[in-house]
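Visitor: So the protein lines, in turn, are chains A and B. When the letters of the first sequence are read in order and numbered with the UniProt record's numbering, they come out as residues 1 to 678. When the letters of the second sequence are read in order and numbered with the UniProt record's numbering, they come out as residues 1 to 678.
Worth double-checking, as some hints may not be accurate.
Each pair may be met inside one copy or between any two copies, as identical chains are not told apart.
[What the hints assert, rightly or not] Listed below are the simulated DSS-like cross-link pairs for lysine-lysine, each with C-alpha atoms no more than 27 angstroms apart in a straight line:
1) K513 to K395
2) K33 to K614
3) K515 to K216
4) K513 to K350
5) K395 to K267
6) K358 to K614
7) K267 to K363
8) K614 to K395
9) K614 to K675
10) K363 to K33
11) K33 to K350
I should point out that these hints are in silico values taken from the structure, not numbers from a laboratory.
There are 2 protein chains.
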Amino acid sequence: MNSQATALKPVAAVSERDMANAIRALAMDSVQKANSGHPGMPMGMADVATVLFSRFINIDPSAPNWPDRDRFVLSAGHGSMLQYALHFLLGYDDIPIEELQRFRQLGSRTAGHPEYGHALGIETTTGPLGQGISTAVGMALAERMLAARHGADLVDHFTYVIAGDGCLQEGISHEAIDLAGHLKLSRLIVFWDDNAISIDGPTSLSTSMDQPARFKAAGWHVQSVDGHHMEGVAAAIEAAQQSDRPSLIACRTMIGKGAPNLGGSEKTHGAPLGDAEIAATRENIGWAYAPFEVPDDILFAWREIAERGQAARHAWEQRLAASPQRQALESAVAGNLPDTVFEALGAFRKEHVEKATKVATRKASEMALGAINAATDLTVGGSADLTHSNLTITKGMDRIAPDDYAGRYIHYGIREHGMAAAMNGIALHGGFVPYGGTFLCFADYARGAMRLSALMGQRVIYVMTHDSIGLGEDGPTHQPVEHLAMLRATPNLNVFRPADIIETAECWELALKSKNRPSVLVLSRQNLPMLRQAHSEEAHSDEPHSDENRSSQGAYILREPAEHRAVTLIATGSEVEIAVAAAERLETEHRIAAAVVSMPCWELFEEQDADYRKAVLGSAPRIAIEAAARLGWDRWIGDTGAFVGMAGFGASAPAPDLYRHFDITPEAVAAATLKLII
Amino acid sequence: MNSQATALKPVAAVSERDMANAIRALAMDSVQKANSGHPGMPMGMADVATVLFSRFINIDPSAPNWPDRDRFVLSAGHGSMLQYALHFLLGYDDIPIEELQRFRQLGSRTAGHPEYGHALGIETTTGPLGQGISTAVGMALAERMLAARHGADLVDHFTYVIAGDGCLQEGISHEAIDLAGHLKLSRLIVFWDDNAISIDGPTSLSTSMDQPARFKAAGWHVQSVDGHHMEGVAAAIEAAQQSDRPSLIACRTMIGKGAPNLGGSEKTHGAPLGDAEIAATRENIGWAYAPFEVPDDILFAWREIAERGQAARHAWEQRLAASPQRQALESAVAGNLPDTVFEALGAFRKEHVEKATKVATRKASEMALGAINAATDLTVGGSADLTHSNLTITKGMDRIAPDDYAGRYIHYGIREHGMAAAMNGIALHGGFVPYGGTFLCFADYARGAMRLSALMGQRVIYVMTHDSIGLGEDGPTHQPVEHLAMLRATPNLNVFRPADIIETAECWELALKSKNRPSVLVLSRQNLPMLRQAHSEEAHSDEPHSDENRSSQGAYILREPAEHRAVTLIATGSEVEIAVAAAERLETEHRIAAAVVSMPCWELFEEQDADYRKAVLGSAPRIAIEAAARLGWDRWIGDTGAFVGMAGFGASAPAPDLYRHFDITPEAVAAATLKLII
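If we strip away everything but chain A, and leave its shape as in the complex, we get (with noise of 0.2 angstroms):
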């Protein structure tokens, strides 16, 4: 038995179930203070929550980010209450109890559903269901790689999660629970509250999954108790903490338990219980105290809890502190890439713009990455099946294996939604910078989990290649055409589209900076040119091109005609070589003056001052020109511009053939620009 399995016996004089009725009553009593929220799932699993912390979570709530304490993730995110109301019983500094008084209501950091940063402790957002239990499985995986990097010693901890049914009926629960049974994530247990209740009734209205049976099938370690039975519950977790495999727990619960009229029934999920049924709770479940009134001796038997975590806290700090390993964990918790990553990404620059590499920016992000990730080890790439396509592998990159987790590369296998949500949960752990590839169009499938890595602010980089019709004859299906406004309309988040292999290792430089923000690399299949150097020597002509990160302002001036401008193509990505064609045909045939701004990131075109926009933009007609849907782009173009792109969905051809028919061509932008300005 490991030191974990060693529970504490509760204290004498306080039973568990008189802890776990403390969150039952403020539970029941917040949400209806709120007049909204979810009591019947913290009622339901009250018992079971009470277990795992009173006899096994490690947590300092007075050091709630300290490294090697358990995580805890609240799947089934609508149970938010149960989480606020552990929280304010360990003694975590912001909850107090008049936060549960606040509980939903502007301002307070009990929000209606837990939110990462919100509030402290709270390990990831959730809510949108089945996110927390496919984080977790990135938690857990991070947690196995930092202690094969760094030792047993100084990490070694579990990662519990509750989750309801709606988690485990999302499909990205199957995708997460495939991918934790191969990897055989020993460290995670995940309790299932199996209440047979969801919103619109009885779950048998719409499911008859065996999910036992499920789990097994995909290499889990799998028990059954009723979640009302504390012993029961606890003799599990020690099981699942033995195990050579993710556990899952499924605990028979009421939901609603201890409402007399209403518990076990759907009508406790989503509302308040009413007066009423409070009164009756109260007195079913012999709690005689005020709303929002804990007694001391059981609060008291809480906080032993966290004195507990606390001890366990001080005593991984003396390890730490005196083992070889510190300098190189703290580092890598911290998140902090060496100076080398971006000298390695400057020389870079330096030699491609003076070769002039030509490649497509998927082979681009390739190269660079080659230079990152051997300058670094914090990065941990992988894809979900499309490696040799995505070019997320770079020599020397182990893979991350079943009981082998010293790799840096992983196999997500077909599972975008998935591999989102574990590089959410790699991130949030802490200790590696997660990047993970697949089709820019498959966006689609990983987008619940992609706004969770918006809304948290990680630092998880995804790698989109194929990009647009340039991807050419696997057709509309993989042709992307409204992912671009679909991203760029998400706050919070950087979507990268660069032109050429300088802007690639210019955008994951700017990735690699953005500690509280996802970055997504747009990257072409087909070859590009390298284009900043044959255009740039005028504006620039004193100081190295590869020096200065062009990209960082998020749209820049590639070509400045000699003479006033006449218009001004602003192009993104592969589509940048296309006006960079259709401006010197401009000039050559038509003695038309054109510039060409490259704009490889909006969002960060939009932080700049009004003056550098106004530059950059110019004050002659525009003409955007991208391989995508227009939405979004009158915003640069304004009332007198044109837009060439696309006006549907794409076609299965060889991509030249594709540029010509849908008229993505220097001569269309060339006829474009003829039209608005003769």
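We have chain A already, so just place chain B on it with the hints.
Guide: Same frame as chain A, but now just chain B:
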């Protein structure tokens, strides 16, 4: 044994192995000529497909849309050459040998992945993995529902699916499998191409799933066979046809079977075999014919299958002609809604204009659905476990249950993606008009299948409620911000955001009438006043307002000031009320003449002629008001406009607090106006 299980014997002179080798040769030759594509899967599954078609399937290439045909879905859509080879061999008119020679070329019918509507007999678009099997669940459900209504004499067919490892790893497959098992969709038979290879290499890189056990856990009938042993495959199909549950036939195969050096390797997955290996394969399988040559006897054997299908179709037509169900079935399959639906909606609008009914638009949708569903039984509703939040069920709608398919309401479970794919399948199958609900935010989860609704031009109606911060306390995980932009950027999709009960009824009418386009109804949680009558009297004084569907033009002037417009306020949905209040405030407090434009559907407005659009938008400065991301709005507000809406994610609080907090109020609109025009 039912009629469909009575297997034909293969033609004496031609073995099924020869027939299968025709598929292999055509697949490898077509991919080689295109220098693009996926030979491995067609070669690996050629034997299974040959047995299925040779002995079981009932389709008639001369009448590819015959309603009682078996459905064949190539879920592993990258193996499209399997389907095209079959279509050529079976004699589909539109796939002569020349089309195989033009595989993946511009304008050919043989697109990179099978595309619905692009070639005859393609039942659904596949390629994004997992979609085919999940769409097939909808088809198999529609078959059972149609049989329950019109009798087994007229509706009695199977849905056959070929799925690969990718399909089964994707999360959507879990949702689909769970739903199909629960509903006991016994006419669904899935072949799993168990070749143990995915793009990155052996599937053991990323999965340890026991797929047969997984399907058993979901209530499926499961068999495992050698996919190259034809009698074994045939016996399994016969057993599957007899099962009262959906069936999985796990077919152990070799990818690229027949290729002597590359067979069994991921190298055959997504690239041409090359001339040398193709020559070696010819030798290996004894195929002595030139590229694209199929000897007459083999072709004849394949064409006999088509003849069997034609005979079955003729027999069915005779049964139909003699059936009292004829008219009802033909009308259902044609998808023609009776005029009474639209008369009912007209009466509904008239009634509620007069009553000035104030309800949430989700409630208005429920009320409109009450009228619709009473007037037709072609509509089939459902929700992803949010029935009483989405308000998608109406009086007298019985639920679909295992072994009871006579109802009209589907509890899809907590499975947004599976629901969307199933609705695609129901629409594609014919006989019903599916609609289904979830929260707008969870369009994220359904994106993959929603895109296919649009790409395939299917009349699938998404009822997406809780459409902004107006949902209140659930907070930012549940509050859509970027979702309107995401949906509006999607080609061939109508996004409706009605402002009141009248527009809601109008948008429902438009959605029902859009036979070749999906619709999303974006609806509020919060109550909204009826706006139409109060402000449109002046402009349309002669006609009753309820007779004209003003939403059909996408946007219209809801309020035209008596004086020349100084500003035009453009809004959608719940923000139209705010725009109207702002206009009134501007007029009374500042003597500023403000028009209000309600813009429930951008797509339809974009389709109006320039004069109409100009008249609606006006020449005064414009302010857009929408509780969502700005992205896209610059199209309508132009260079001199302003936007009042969301600049980031939402928050958890009561809705009125949030509108104030995010400054989306009449006061804020008035202030923005003053800033703009003074």
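Visitor: Now tell me, hint by hint, if it's right for this structure.
Guide: Hints versus structure:
1. K513 to K395: The answer is within: 23 angstroms in one copy meets 27 angstroms, while 56 angstroms across copies does not.
2. K33 to K614: Neither, since 51 angstroms and 51 angstroms both go past 27 angstroms.
3. K515 to K216: Classified as neither; 38 angstroms inside a copy, 44 angstroms across copies.
4. K513 to K350: within (20 angstroms within a copy, 59 angstroms between copies)
5. K395 to K267: between (56 angstroms within a copy, 21 angstroms between copies)
6. K358 to K614: Cα proximity of K358 and K614: none, with 31 angstroms in one copy and 46 angstroms across.
7. K267 to K363: For K267 and K363, the Cα distance is within 27 angstroms only across copies (20 angstroms; inside one copy 55 angstroms).
8. K614 to K395: neither (43 angstroms within a copy, 59 angstroms between copies)
9. K614 to K675: Answer is both: 24 angstroms inside a copy and 21 angstroms across each meet the 27 angstroms cutoff.
10. K363 to K33: Classified as between: cross-chain Cα gap 26 angstroms, same-chain 57 angstroms, threshold 27 angstroms.
11. K33 to K350: Neither: 62 angstroms inside a chain and 41 angstroms across chains, both beyond 27 angstroms.
Figure legend: structure checked against the earlier numbered hints; hints not met, in rising order: 2, 3, 6, 8 and 11.
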